[in-house]
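Since each chain sits alone in its own frame, please combine them into the complex, following the hints.
Order-wise, the sequence lines are chains F and Z. Under the working numbering, the first residue of the first sequence is numbered 54, with each subsequent residue one higher. Under the working numbering, the first residue of the second sequence is numbered 32, with each subsequent residue one higher.
Please note: incorrect hints may appear among the correct ones.
Unchecked claim - Here are the simulated lysine-lysine pairs, BS3-like style, with alpha carbons at most 30 Å apart:
id, chain 1, residue 1, chain 2, residue 2
1, F, Lys223, F, Lys212
2, F, Lys352, F, Lys393
3, Z, Lys94, F, Lys125
4, F, Lys223, F, Lys73
5, F, Lys284, F, Lys212
6, F, Lys223, F, Lys283
7, Z, Lys94, F, Lys223
8, F, Lys354, F, Lys364
9, Z, Lys94, F, Lys283
10, F, Lys342, F, Lys385
11, F, Lys364, F, Lys129
12, F, Lys283, F, Lys73
13, Z, Lys53, F, Lys223
14, Z, Lys53, F, Lys286
15, F, Lys125, F, Lys342
If you're looking for bench data, these hints aren't it; they were derived computationally from the structure.
Here are the chains, one letter per residue:
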Amino acid sequence: MNRYQRQIILPQVGENGQQKLAHARVLIIGAGGLGCALLPYLAASGIGCIGIVDGDLVAESNLHRQILYTPKSIGKFKVDEAKAFLNQQNPDTQIDSFTYFLEGQNALDLFRNYDLIVDATDRIDVRYLINDAAVLTAKPVVYASIHRFEGQISVFNYKNGPTYRCLFPKAVAAPSCAEAGVLGTAVGLIGMLQAQEVLKVILDTGEILSGNLLVYDTLNARQHTFSFAKKEKSQITEAFYRERHLNSNIESQSFSLDYLQNGLLIDVRELDEQPRLNHERILEIPLSKLDQNIAQLDKSKSYGVFCQSGKRAIAVASKLKNSGFTQVIALKEGAQELEKEITHTRLNTIK
Amino acid sequence: MEVTMKYFGQLVDVIGSHEEQKSIKVNTTDELLQQLSENYAISHIPFQLAVNDQLIGDEEAVKLNDGDVVALLPPYAGG
Chain F
54 MNRYQRQIIL PQVGENGQQK LAHARVLIIG AGGLGCALLP YLAASGIGCI GIVDGDLVAE
114 SNLHRQILYT PKSIGKFKVD EAKAFLNQQN PDTQIDSFTY FLEGQNALDL FRNYDLIVDA
174 TDRIDVRYLI NDAAVLTAKP VVYASIHRFE GQISVFNYKN GPTYRCLFPK AVAAPSCAEA
234 GVLGTAVGLI GMLQAQEVLK VILDTGEILS GNLLVYDTLN ARQHTFSFAK KEKSQITEAF
294 YRERHLNSNI ESQSFSLDYL QNGLLIDVRE LDEQPRLNHE RILEIPLSKL DQNIAQLDKS
354 KSYGVFCQSG KRAIAVASKL KNSGFTQVIA LKEGAQELEK EITHTRLNTI K
Chain Z
32 MEVTMKYFGQ LVDVIGSHEE QKSIKVNTTD ELLQQLSENY AISHIPFQLA VNDQLIGDEE
92 AVKLNDGDVV ALLPPYAGG
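Extracted from the complex, chain Z is given alone in its bound form (with noise of 0.2 Å):
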């Protein structure tokens, strides 16, 4: 299926774009996390994912749908 991928903070600099279409043969959120920190070294950094526009918890795995709109938030310190 197609997902579009949004990256915000400090991930933009480490996949390289803010946004991407992502074709994956995963099923649900943390499939995708497993595959994502395989392909990027984002594990130093810390985020939360929100699915269609709506933040996750950390222990939900959200099943995928074709077209869903999957970010990537990480906190921001500066002020």
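Same shape as in the complex, but just chain F (with noise of 0.2 Å):
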């Protein structure tokens, strides 16, 4: 224990924070800028167990500040060069890596198996999802977020305190850091005050952010606390969990003719799939080369993804709806049924 000594003899944690760290489970979603800050604070610290969620790729643009990833790191899964990262730095923290992103289907039954949940994501759909699954399943909530230099800190459903939805009861869209612009030391500043408060839930010393908001200006120097209160009007149930995160699954529906007046079809397969169907209102975007390409789409169009059997749509245009495309849908029939339908629709046309 003597990588631990110097913690240790703090008043605030002694043997027995020790264990509570040794014993406490936290699950980080989010291997972004907020959460490669945090992560080896809280590997460092021996926490027993550390799971981290992300399903996203290292990116080039991402270094300057996801200081975990090196430019070997590009392409690969961040939360498996996370865990090689802090396996290394900590071998008695367990590291478990789920390189997926957090969804209605899978958020109950990856939070049951933790503590304690750490909001480092970069999507507000995604914020709400963590409290609900949060709420759910009884787990604190250790939230952050960022908007350029600016900071917001919380802790949600601490002892059955105020939630995310008691802060920002209406889901709205926000800019990321890829919209907005981020520098690195601003998300490493408002990681380290999120993993402050990790440590402290885990620890249960020093007053919890609980029903409070901490903003941080980290270009002004200047920090400010909001207190908010609990609203029954936020009441999370399983029906409210079910209409919001989980009817939300892709349905196929059929073609009409409607996508090729008011809307847009979107070919996700390769490009040496045949037959090509060629019409001024079919976009060609293989599911290969989709995220380069998700930026050009716009969210507040209509597109019906299609692809050969219908099931690389779904995927698709699901994961357009988690990005915060609403008029989406994937199309029933594959690329042969609808060059006949679009054919069909040319003749008629003419005649």
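See the structure below:
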């Protein structure tokens, strides 16, 4: 235990606190800027088990702030790269890595295996999912988020305290780091404040930021704390969870002419798959190139996604929905059937 | 009366400052919001309101007093 001696001598930690850390199981959602800042400190402190959930791959544009990754990590799963680093750093800590994104279908089962959830994601819709799944599984959530130089930190559902929905009742869109820009040190600072709350919750010491939102402005070195109350209106039940996070599953729909008149179709097949459908309202975005092209799509437009059999269409439509596209469906028809439909339509138009 | 306005997140860019003193003729938070949305293009930015560091609900219209500090807090997405 010599490794932890300098923190054990703190009266707020002690041998007892170190045992609490060793028995703690913490789940981190997101291995981006916040995740990279807090993970090495949480592992170094001797937390027994850390799970990391993120289906994203390391990109070059991550490296200025996501300091667990090197140029060799590019194209690899973030959670695998983070795990390799953390295993070297502290072999005492068990690292569970999950190479997929948190969704309505997997959140409850994942959360049940941990004591504490850390919201280090970069999407508002996932923040609501984390909140609701944590309420249903009775886990506290340590939350942080960033806008440029400012960060917000709070602790939700702590001893039945207020939740994210009590703070922000309206689910809305807000710009991510990719859209708004961010400095590595700003996300690092906010990640440290978040890590500190994680340790405080595990050690049951200090004033936990439950019912309080800390807003830290790293550009002007100012901080503000706002208090907020629990709202009975924000009650989260299993039925509510199903409605918000499970019924949004994509179901295939049949092709309608409307998509060629008012919307756009997206062909997610690879470019060598036949037949090719040429139409001014069909975009060719192969599944393998989706991530690079998603930024070109307009969230206010309606899209119908198709492929050869319909399976990839469902996967892509679901991904688009999770990325904030609201008017997106997967088409039942494959390319061959669609070709017939479109040819038929053209003939009718000519007549 | 005089109030101090504090802006956060995207609102700082739209309004052009993170803090300002305002002389107001209105009496409640919803009247103040109405006046703000007439002066600034902020309707596309979601936010919650805090008066003297206490967040207030959407349905509440809080009476303002001289010297109050009103903060506009948008949710952030980044991580």
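Hints, verified against the model:
1. With a CA separation close to 23 Å, the supplied pair Lys223(F) and Lys212(F) stays within the 30 Å bound.
2. In summary, the hint linking Lys352(F) to Lys393(F) is supported, as the alpha carbons are separated by about 29 Å, within the 30 Å threshold.
3. Between Lys94(Z) and Lys125(F) the alpha-carbon distance is near 58 Å, which puts this suggested pair outside the 30 Å criterion.
4. For the given pair, Lys223(F) sits about 36 Å from Lys73(F) by alpha-carbon distance, which is inconsistent with the 30 Å threshold.
5. A threshold of 30 Å between alpha carbons decides the hint, and for Lys284(F) with Lys212(F) the separation of about 15 Å falls inside it, so the pair holds.
6. Taking the CA atoms of Lys223(F) and Lys283(F), the gap is near 15 Å; set against the 30 Å cutoff, the hint holds.
7. Between Lys94(Z) and Lys223(F) the CA atoms are separated by roughly 23 Å; this keeps the pair inside 30 Å, and the hint holds.
8. Between Lys354(F) and Lys364(F), the direct Cα distance comes to roughly 22 Å. Compliance with the 30 Å bound is thereby established for this hinted pair.
9. In summary, the hint linking Lys94(Z) to Lys283(F) is supported, as the alpha carbons are separated by about 21 Å, within the 30 Å threshold.
10. Pair hint Lys342(F) plus Lys385(F) holds up; C-alpha atoms about 22 Å apart against a cutoff of 30 Å.
11. With a CA separation close to 25 Å, the supplied pair Lys364(F) and Lys129(F) stays within the 30 Å bound.
12. At most 30 Å may separate the alpha-carbon atoms for a hinted pair to count; Lys283(F) and Lys73(F) meet this at roughly 28 Å.
13. Between Lys53(Z) and Lys223(F), the direct Cα distance comes to roughly 28 Å. Compliance with the 30 Å bound is thereby established for this hinted pair.
14. For the suggested pair Lys53(Z) and Lys286(F), the alpha carbons sit about 33 Å apart, so the restraint of at most 30 Å is broken.
15. Restraint check for Lys125(F) and Lys342(F): the C-alpha separation of about 21 Å stays at or below 30 Å, so the hint holds.
Hint compliance for this structure: hints 3, 4 and 14 are broken, all remaining hints hold.
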